[in-house]
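Asks: Residue strings, one per chain:
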Amino acid sequence: MDLLSFARGPALKVALAVFCAGVVWRIAAFALLRIRRDLNRPRNSLFKYLGAGLYTIGTRSWPHPEFIRRTGAGEALGYSYHMGLFVVVLLFAPHIAFLGSLFGITWPGLPNSVITVIAVISLTLFLAVLFRRVTSPVIRMLSNFDDYFSWFITMLVMVTGLAATAQIGARYSTLVAVHILSVDVLLLWFPFGKLMHAFYIFPSRAINGAILARKGAAS
Amino acid sequence: MITRDAATPASGQLSVGEMLLAHGIGRRGFIKFCTAAASAMALPPWMGAAMAEQLRNAARPSVVYLSFQECTGCFESFTRSFAPTIENLIFNVISLDYDDTLMAAAGDAAEAALASAMRDHFGNYVVVVDGSIPTGAGGAYCTAGGRSAVDTLREAAKGASAIICVGTCSSFGGIPFADPNPTGAWPVTAIVGGVPIINVSGCPPIPEVITGTLLQLVSTGQIPDLDEHRRPKAFFGNTIHDRCYRRPFFDAGKFAKTFDDEGARNGWCLYELGCKGPTTFNACATLKWNGGTSFPIESGHGCLGCSEPGFWDKGSFYSAESTPQWGKAGEATPKQVVELAGITAGVGAVLGTASAGVSRLRQASRQKAAEHEHQGDE
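In order, the protein sequences belong to chains Y and R. Count along the first sequence from 1, add 58, and you get the number used in our numbering. Count along the second sequence from 1, add 1, and you get the number used in our numbering.
It is possible that some hints are incorrect.
Unchecked claim - In silico contact screen, one side only, chain Y against chain R (beta carbon under 7 Å); selected entries:
id	residue
1	A75
2	A155
3	Y230
Read the hints as simulated data drawn from the structure, not as lab findings. Backbone N, C-alpha and C fix where the C-beta goes; we use that ideal spot for every residue, glycine too.
Sequences are here, hints too, so could you generate the full structure?
Replies: In structure tokens form, the structure reads like this:
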């Protein structure tokens, strides 16, 4: 079995299995945790505080006006490379063929040249994010192995993908194999690291917002 | 490197140049022929003249062509070479001393010709192998003259200056080697060692790649530059995708979705229909077939990747390169993915529930301990 067959065969199967099991495990464990009953009288109706929870997803997705000058650029940087990643992952023809074979549906993609430009911009932004993390004393202090490894594995997927598209460094089959292997590693790491924010970020904001709204606090 | 001393004509034996002259082919015509062959092999322009000079003064090198577990498709391809043509090659450039498909002799006479060629040119003849070598049942799946393929190959390899494996079967095992490999087939490299081996893979290989490699070997006496699969870089240095005339459509993201849709009619890229061009190293897109008429992608069908090792076991020919391949079953289907996701999600749910349960138990135990402590204080 050659490297490509291994990467898109057994390695991918194991990675997908661990990804699915891990994600459901962590979500279930989180959802079933014991929540201390709030014996206070609700300050808002059930409908209102659940609505406020959903509203918080939006309001907490951008800095409060008071902090926008301090954190706005950093958040914009984060959103930009996330959007770049989504475009590259979802609109590159080989990715569509890959996802299509997994889920049975396909959609139109973008020309390779457009995807390459977006990927290079995303890569640059990704480096800028690391620079910010390393140079900001506060963020550096808050960062641990999880942050750096999650950054590294995502970066590896992007770099190997670009190398495969541009056919730099090795044969296309080898580059594609290394790219798929890096995706396999990302899937294996995903449920156990901070990449899980993809699943936690919105529910956690909604829950916080709902709890605060129940207590009558503005969210 | 092949020694040229033995290639010097013996007294009374005509050199290639003298023989060509006798056939009415002059020096200029012969240089033209060699230049065309050198050009087909992407060799430098001066190599044509050098090859002509070398060949003109040399005796025709002995070549034995061994056919083992194969379909004769490679030999059919070999006979359709345009530059050089097979008749030019075997009548003027090489001495094809044994080939059980082409030779007039049969039975003991044919086997005697093989034995004679191997004895008379020991250490200097070139062996061309077509087909894989079955080792199962003591080699009984492929025999000729009462001898198994594996024995014949081992004996022929002892006195060979080089072995050229023609076709994917002799190069990498090919279709006989594919799972479950009922005959215990192996490529030449797994059977013999200690002799230079050149793989000219393909199912079948391009005719000009077979004759060009043979011509370069016998004319220069040098093993050409090879890639990691021992294939001549002159022919296998680029992927079909790199040189494909449909490549601009790939770059523009224009793909045929079916073999009869508008994209297919417009000649768009066949990547999504399973074309293996991006991972297949061969000269189909440049040399093409039938004297440069066309090649499979030009005819509307994706590349099968037939010149790559294990091409038969790499899943469906009609699924894109990037699609997951889950073992013998081929590509992963949405149903399989749903099944896998369902099973693993169930495992995850059990683990998650258990984790939460453990957490709750610990929390309750801590709470009980705190209450107990509180009561004690009172």
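Asks: Next, verify each hint and record whether it holds.
Replies: Results for each hint:
no.: 1; hint: A75; in the structure: 5 Å, holds
no.: 2; hint: A155; in the structure: 4 Å, holds
no.: 3; hint: Y230; in the structure: 5 Å, holds
Comparing the model with each earlier hint shows no violations; every hint is respected.
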